[in-house]
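*Asks:* These are the residues of each chain, in order.
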Amino acid sequence: MNLIRTGKSGTLESSDVMITVRNNPANKIEIKLKSIVEKGFGNHIRSFVESVLEEMMVVSAIVDIDDRSALDCVIRARLETALHRAAGITVFNWEEIQ
Amino acid sequence: MYILRETRALQGCIRESILVRRKMAEYDFTCEIIQFEISSERKPVEEFLSRLQLSYDPDVNYTVAVKQGGAIAATGSLAGNIVKCVGVSPEFQGSSLTNTVISRLEMEAYYRGIDHLFLYSKPKNQRVFMDLGFSVVGEYPGEVVLLEKPGGRIDEWTAGISHHKRGTHSISLVMNCNPFTLGHRYLAEKAAEAAAATGEVVHLFVVYEDKSLFPRDVRFQLVKDGTADLSNVTVHSGGPYIISSATFPTYFIRDPGDAVRAHAGLDLHIFGSRIAPALGIDRRMVGEEPYCPVTRAYNRAMEDILPRYNIIVEEIPRLAIGTMAVSASAVRDLIRDERLKEVEALVPASTWEYLNSEDAGPVIEKIKKENRRH
Chain D
1 MNLIRTGKSG TLESSDVMIT VRNNPANKIE IKLKSIVEKG FGNHIRSFVE
51 SVLEEMMVVS AIVDIDDRSA LDCVIRARLE TALHRAAGIT VFNWEEIQ
Chain U
1 MYILRETRAL QGCIRESILV RRKMAEYDFT CEIIQFEISS ERKPVEEFLS
51 RLQLSYDPDV NYTVAVKQGG AIAATGSLAG NIVKCVGVSP EFQGSSLTNT
101 VISRLEMEAY YRGIDHLFLY SKPKNQRVFM DLGFSVVGEY PGEVVLLEKP
151 GGRIDEWTAG ISHHKRGTHS ISLVMNCNPF TLGHRYLAEK AAEAAAATGE
201 VVHLFVVYED KSLFPRDVRF QLVKDGTADL SNVTVHSGGP YIISSATFPT
251 YFIRDPGDAV RAHAGLDLHI FGSRIAPALG IDRRMVGEEP YCPVTRAYNR
301 AMEDILPRYN IIVEEIPRLA IGTMAVSASA VRDLIRDERL KEVEALVPAS
351 TWEYLNSEDA GPVIEKIKKE NRRH
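Same order as they appear, the protein sequences are chains D and U. Letter 13 of the first sequence, counting from 1, is numbered 13 in our numbering, and no numbers are missing. Letter 123 of the second sequence, counting from 1, is numbered 123 in our numbering, and no numbers are missing.
It cannot be assumed that every hint is accurate.
Claimed, not checked - According to the in silico footprint, chain D covers these stretches of chain U (three or more CB under 8 Å from chain D):
#, segment
1, 95-101
2, 105-114
3, 177-189
Bear in mind the hints are in silico, worked out from the structure with no lab data behind them. Glycine residues also receive a C-beta, built at the ideal position from the N, C-alpha and C atoms.
For reference, chain D alone in the conformation it holds in the complex:
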């Protein structure tokens, strides 16, 4: 998946997450995480986001995450939406999305 513009999704409400993705000129994955549960779950969130990126075949991205203690399923939903927006994909292939 190629990111052709900035993609954003989510809110800053409690239990939600706001995710912004854009292409990384350095051609790698860079995750900037800000979370109110950073201490307990920072590493888990980072590796979870990495695994979703890998699934979506994204190899170059800067991912800004403002997490307000969202569950993994919420993070996945917000990230997938942001990635689709960034890639300019408006038709979702629901079967491909896990």
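Assemble the complex: chain D is given as a structure, and chain U must be docked to it using the hints.
*Replies:* Relative to the frame of chain D, chain U by itself:
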């Protein structure tokens, strides 16, 4: 271990979501877009903000309000890429209504194609916004902090130009060049000479903000062409951090009010703390300003603030031809008065060539119609 974590997150989440639901149900909040063109919608926002000692900026172009039973509990606005007029009623502080407001503004900005937001805050409130992903660009101590989101963009920007750094001594110039005249050329030559004497380089920043009569790309190109023979001068775009509508909003307004002092200060603190170190700048040269009060106030602030960052400020007298100080505004005045011929003596060949090209037609028309400072 994983299960334990999940359970803890789930517990936290359930607790949180119960709180949110209770918050929304008990207080019955709704979030609305304010039709600010309609005075019956604008008035309550103005009154709400004035109770918080804030004013409703006339240049906002999107406003949301969180309401409870018709009364405003929190509000926030966008003016282009700047988040403005954010306020929460004291009785609801702590119920994270700022999050609701900022979320709405951020998504709206995104849909408008804006992916870089700025926000001014009083230093005592900056934490609230930093918790929402904003980071500090610069501070005018005690007065105002400029924040941006995504955080850390300024670091990416300075990293992008830092390969032009040559040692720890260099001279900088910042110019709008609307358009590039012999006056600008004179200043660039002076700087190039001074730098060459000690083997230094000159960093010339052209204001990026596209609010001048001559378009951004034209201004930049005319500076490049007009200084191409000065081998130790590098021309940079000022980007969003040097005299931009974010760092110095009042520069683009004619009225030199109180805000100019704070904004000029903010712009210079950002220059001193962020940009100068990235390029090893320890001198800033500036042309004397005989006409424009805003630019004059900026020059005064420069002499006050930059030395605190060990940057020497040198004011160079204007180049005069005959009895006339050469300035871009003088050039525009001549164009306005249909005396284009006389401009030839005030601009370098490259600018003169542009003014006589077909491309310049619409710009010249615009100058004749408008009477603007920058």
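*Asks:* Check, residue by residue, whether the segment 95-101 of chain U contains three or more positions whose beta-carbon lies closer than 8 Å to a beta-carbon of chain D, and give the verdict.
*Replies:* holds (count 3)
*Asks:* Using a Cβ cutoff of 8 Å, are there at least 3 residues of the segment 105-114 of chain U near chain D, or does the coverage claim fail?
*Replies:* It holds: at least three residues are needed, and the segment 105-114 of chain U offers 3 whose Cβ sits within less than 8 Å of chain D.
*Asks:* Count the residues of the segment 177-189 of chain U whose CB lies closer than 8 Å to any CB of chain D, then report whether that count reaches three.
*Replies:* violated (count 0)
In summary, the structure is inconsistent with hint 3 from the numbered list given earlier, while agreeing with all the others.
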